[in-house]
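Novice: Each chain, letter by letter, is given below.
Protein chains: 2
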Amino acid sequence: MAPHRIVIVGGGFAGLWATRALSKAPVEILLIDRANHHLFQPLLYQVATAGLSSPDIAAPLRHILRGQKNVEVRLASVERIEPAARRVVLDDGNVVGYDTLLLSTGATHAYFGHDSWAPHAPGLKTLDDALLLRRRLLLAFEHAEAETDAEKRRAWLNFAIVGGGPTGVELAGTLAEIARHTLKREFRHIDPASARVRLIEAGPRILSSFPESLSAKAQKQLERLGVEVVTGSPVEAIDGQGYRSGGVFVPARTVVWAAGVAASPLARSLGVELDRAGRVRVAPDLSVPGHPEIFIAGDLAALTQDGKPVPGVAPAAKQMGKHVAQSIRDRLAGRAPRPFRYRDFGNLATIGRMAAVVDLHGLHFSGLIAWWFWLAAHVFFLIGFRNRLVVLLNWAVAYWSYQRAARIIIGHKDDTSADEKDTEAG
Amino acid sequence: MAPHRIVIVGGGFAGLWATRALSKAPVEILLIDRANHHLFQPLLYQVATAGLSSPDIAAPLRHILRGQKNVEVRLASVERIEPAARRVVLDDGNVVGYDTLLLSTGATHAYFGHDSWAPHAPGLKTLDDALLLRRRLLLAFEHAEAETDAEKRRAWLNFAIVGGGPTGVELAGTLAEIARHTLKREFRHIDPASARVRLIEAGPRILSSFPESLSAKAQKQLERLGVEVVTGSPVEAIDGQGYRSGGVFVPARTVVWAAGVAASPLARSLGVELDRAGRVRVAPDLSVPGHPEIFIAGDLAALTQDGKPVPGVAPAAKQMGKHVAQSIRDRLAGRAPRPFRYRDFGNLATIGRMAAVVDLHGLHFSGLIAWWFWLAAHVFFLIGFRNRLVVLLNWAVAYWSYQRAARIIIGHKDDTSADEKDTEAG
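Sequences listed follow chains W and A, in order.
Per numbering that gives the first Met the number 0, the first sequence starts with residue 0, numbered consecutively.
Per numbering that gives the first Met the number 0, the second sequence starts with residue 0, numbered consecutively.
You may find that some hints are simply not true.
For chains that are exact copies, the list does not tell them apart, and a pair is met inside one copy or across any two.
[As the list claims (entries may be wrong)] Dumping the calculated BS3-like pairs for lysine-lysine here, alpha-carbon to alpha-carbon at most 27 Å: (1) 23 <-> 151; (2) 183 <-> 23; (3) 307 <-> 124; (4) 183 <-> 151; (5) 321 <-> 307.
In short, the hints are calculated from the structure, not lab data.
Based on the provided sequences and hints, a complete structural model is requested.
Specialist: This is the structure we're talking about:
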């Protein structure tokens, strides 16, 4: 009898953890990803702000899985799923059949129906995104330095980050540090500290998934860093010159989108019910209703627990990946499937060099201790000994000196092809 | 009286060393570079072979020079020089006047009149080049893994490096190590060790600028690593499918050009005599004949000493940069100019993980000791404490395990815009 063939699409937290949890199972796995690497997304904002370089937070999938004999890695893009035929179709036209499919392709940025904003307000989900953002941030200061018109210079020194969740908060705090400390003394025509960094949140408070007291602490820490926090202020328009909010247009050549994600479009080819963000409403065992041979894990899954949605965070993705692996093993052994239960260990967000907020359910702390905790947790969970060392090293340098390790602009400053690539990546 | 204004174009070894040597001089310096960083070119092949990431070998010019009060850094591209008007014209249309000009824009790759080869055989002079090369090298193995046709797969696993100088030797040795060690166990349909790496040299021996005995040792070391060294074999044609040499066509989807450089085209706008490679024949004090206010330093300068041309290597560029600074200070103080004298300390090339050749004029050594020497010299000369630490760390990891720190492919695998960017950069 042919071995049970599993196809896993997406090598992020969910897909990779599912793969590894199946290492001893009597299956053959094909892991498909359109990138050659697993990405540690929580530190993506560090690549975007030139604190780390791409390879520091990513590891090649082939390398991670080289010792697992029942898995093969394929660099490819999946165009669609054909559930009736039990196969996936790749972008090169090849088809791959499966006995069981796990879709763990995650989320991408979404603009609440305003896709025209995308080229002007890039998001942060992949390494491509992070490098593009880094380029734009560094070039903004270069343009300001060379600009003789005072108004235009001001627009280059205005930065806006849309979305007050952990990503937006981390970006805003880091950007303020760069402007006020890292770049000090390096320019002759501008004072980088005069850059204005605004964090714009549509809802009543930033970090809405945290307890109110921690939201308040985070806002204080941001303001101490020089970030202007604007709440209750949805963005109405974004063009290349700035954004409009509350009826007022603000000139800002650099706008970053950290406000919304939507599920990877691949889910549409399943032909099943999706929620408003395009995620798949899964059964308690994480399979697709009507398709017990198809599982969803990670940001692509829409699941409610105790009346609240399971959040699209790394720990949830990992737990879902492991649960899918368990469900597959149960099935092969003839056991009944078990429902998935998300264990929420808490929430962390970092504000800047030495400040963070940590919520461990009843245990809340902030400030420097929280920052050490945040650092330890992230370094611990990074894959790869070398990566952990490098990240620790870069943090030590930054801690002492505010210096950022990766302030390199690749490509000619007027080369817009690098910018356009972002919208193609979609 | 207005301060003496110096414009320096190019922040490589020559331009940066000249700038720093003028820190106490009564001048105002504008340093213009089209990249925001100073690049440690000797380690560029490491970025190209995924052993280091871009920021490890580059440092932002603004950061390096932040403490030097008499210098301003400008990110811009110079379109041409207007010597009669004593000014340079930037690509954005702005003009900058100078009292003294230093042109230190270096060299770019040249194809001996066969510019059509450029897209098929990229060279290695900038970070852009290195990242493009890295992408192609990593993708070649990915394509081979997915390819079902045996002949096409063979073509993906054939690599050719054209040019047996230090760059070609370093690339070939490292590529062979990657194929035989780093990627072991990571593929299921190919054996990466079956990759064939050929180093093709038109002349009678590789490393022709080294003593014959060291050329022979280097060739032995390369062959021990699995590189096929072909000498006396000029390349006749290169297309996207392979190359022709000695009348024979060899299918090879990845060809790297390390065989020829030509001077930056900017020299042409000077209106003075250039040599065959486009370099400026300078006077003994490194100024341009007929234009005592214009100096040339680095790879752009053509200078003969004791019947031999001064080589286009980093130590020569640094010495020239310092000499130009001295010449400028002499002039301002009314002293006579002194002729430049290149002090050749020797030559180093590394072959692979633990082998190198070192020529210190009478003192030749090779093998592991040479490798340690090479490593120490390169780390010592790197700019930046953090960069030195990171490079040492990566080397330690590679030394123990053959692992390479930066095996990340950015962008979609079929995205040709990244490839096309190379020819535009020209």
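Novice: Against the structure, test the hints numbered earlier, and report the numbers of the ones violated in rising order.
Specialist: 1
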